[in-house]
Amino acid sequence: MVAADTGARIAAPDAGEEDVALDFSLRPRTLGEFVGQERLKRVLGMSIEAARKRSEVLDHVLFAGPPGLGKTSLAHIIARELGVNLRVTSGPAIERAGDLAAIVADLEKGDVLFIDEIHRLARVVEE
18 MVAADTGARI AAPDAGEEDV ALDFSLRPRT LGEFVGQERL KRVLGMSIEA
68 ARKRSEVLDH VLFAGPPGLG KTSLAHIIAR ELGVNLRVTS GPAIERAGDL
118 AAIVADLEKG DVLFIDEIHR LARVVEE
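Residue numbers are given in the working numbering: position 63 of the sequence shown equals residue 80, and the series is strictly consecutive.
A hint or two may mislead.
Ranges between beta-carbon positions, derived for each pair [as the list claims (entries may be wrong)]: (1) Glu73 / Val121: 17 to 27 Å; (2) Arg46 / Thr106: 34 to 44 Å; (3) Gly49 / Glu144: 14 to 24 Å; (4) Leu103 / Gly82: 11 to 21 Å.
Each computed BS3-like pair below joins lysine-lysine, with the alpha-carbon atoms no more than 30 Å apart [as the list claims (entries may be wrong)]: (5) Lys126 / Lys88; (6) Lys58 / Lys126; (7) Lys70 / Lys58; (8) Lys70 / Lys126; (9) Lys70 / Lys88; (10) Lys88 / Lys58.
Calculated from the structure, these hints are not laboratory results. Because the structure is a prediction, the values reported are computed rather than measured. Just so it is clear, CB atoms sit at the ideal spot from N, CA and C, and this is done for glycine as well.
Go ahead and model the full structure; you've got the sequences and the hints to work with.
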């Protein structure tokens, strides 16, 4: 027996609150929970520990690679392990230099700023 096509979608294109909560509950919270990337975890762990011991902010970190490697998860881990806030935005959302300036001006000392899809940042903002 074949069911009639009602046009109803099985999966919605937008994530609901439940989906987002599930995503965060599955995300690793510490470098120890992060699977793979052993060399990166070792170097990043030393950098986080050094910044914490010196009571300083972590230097700039740039993650590059295809989707699914854990770049966003690592940003969450860094903020959590340093005990600071994480501010998340995306390259396409920053349309003008003033947008980026406002985000940076709103950061508190030590906050982690994660710009997803930074390669899609508008040329005018890059300059």
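Cross-check of the supplied hints:
no. : hint                       : in the structure
1   : Glu73 / Val121: 17 to 27 Å : 18 Å, holds
2   : Arg46 / Thr106: 34 to 44 Å : 22 Å, violated
3   : Gly49 / Glu144: 14 to 24 Å : 40 Å, violated
4   : Leu103 / Gly82: 11 to 21 Å : 19 Å, holds
5   : Lys126 / Lys88             : 22 Å, holds
6   : Lys58 / Lys126             : 24 Å, holds
7   : Lys70 / Lys58              : 18 Å, holds
8   : Lys70 / Lys126             : 16 Å, holds
9   : Lys70 / Lys88              : 24 Å, holds
10  : Lys88 / Lys58              : 12 Å, holds
Of the numbered hints listed earlier, those contradicted by the structure are 2 and 3.
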